[in-house]
Amino acid sequence: MIEVGAQAPPFKLQDHLGRTVDSQALLGRRHVLLCFYPLDFTPT
Numbered sequence: 053m054i055e056v057g058a059q060a061p062p063f064k065l066q067d068h069l070g071r072t073v074d075s076q077a078l079l080g081r082r083h084v085l086l087c088f089y090p091l092d093f094t095p096t
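For the sequence shown, this note's numbering gives the first residue as 53, with consecutive numbering after it.
Source of the hints: derived by calculation from the structure; they are not laboratory data. Cβ atoms here follow ideal geometry from the backbone N, Cα and C, with glycine treated the same way. Be aware that one or more of the hints could be misleading.
Between beta-carbon pairs, the in silico distance windows are [what the hints assert, rightly or not]:
1. LEU78 / GLU55: 14 to 22 Å
2. ILE54 / ARG81: 29 to 37 Å
3. PHE93 / ARG71: 16 to 24 Å
4. PHE93 / GLY57: 25 to 33 Å
5. SER75 / PRO95: 16 to 24 Å
6. PRO90 / VAL56: 30 to 38 Å
7. GLN59 / PHE93: 15 to 23 Å
8. THR72 / PRO95: 16 to 24 Å
9. PHE93 / ALA58: 30 to 38 Å
10. GLY70 / PRO95: 28 to 36 Å
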């Protein structure tokens, strides 16, 4: 589990336009917010 305020491990993913985003390329240049959203209608 990642603690609040801790640096996330490196990752690569696609944005809404299909472009690859590399977390390492953003370090020191941009703020990054990771949100984990459970799918609608999933049991809680």
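For each hint, the structure was consulted:
1. LEU78 / GLU55: 14 to 22 Å: holds (20 Å)
2. ILE54 / ARG81: 29 to 37 Å: violated (21 Å)
3. PHE93 / ARG71: 16 to 24 Å: violated (30 Å)
4. PHE93 / GLY57: 25 to 33 Å: holds (32 Å)
5. SER75 / PRO95: 16 to 24 Å: 31 Å Cβ-Cβ, so the 16 to 24 Å window is violated.
6. PRO90 / VAL56: 30 to 38 Å: With a Cβ separation near 19 Å, PRO90 and VAL56 fall outside 30 to 38 Å, so the hint is violated.
7. GLN59 / PHE93: 15 to 23 Å: Between GLN59 and PHE93, where Cβ atoms are some 33 Å apart, the hint is violated.
8. THR72 / PRO95: 16 to 24 Å: violated (33 Å)
9. PHE93 / ALA58: 30 to 38 Å: At roughly 31 Å between Cβ atoms, ALA58 and PHE93 fall inside 30 to 38 Å, so the hint holds.
10. GLY70 / PRO95: 28 to 36 Å: holds (31 Å)
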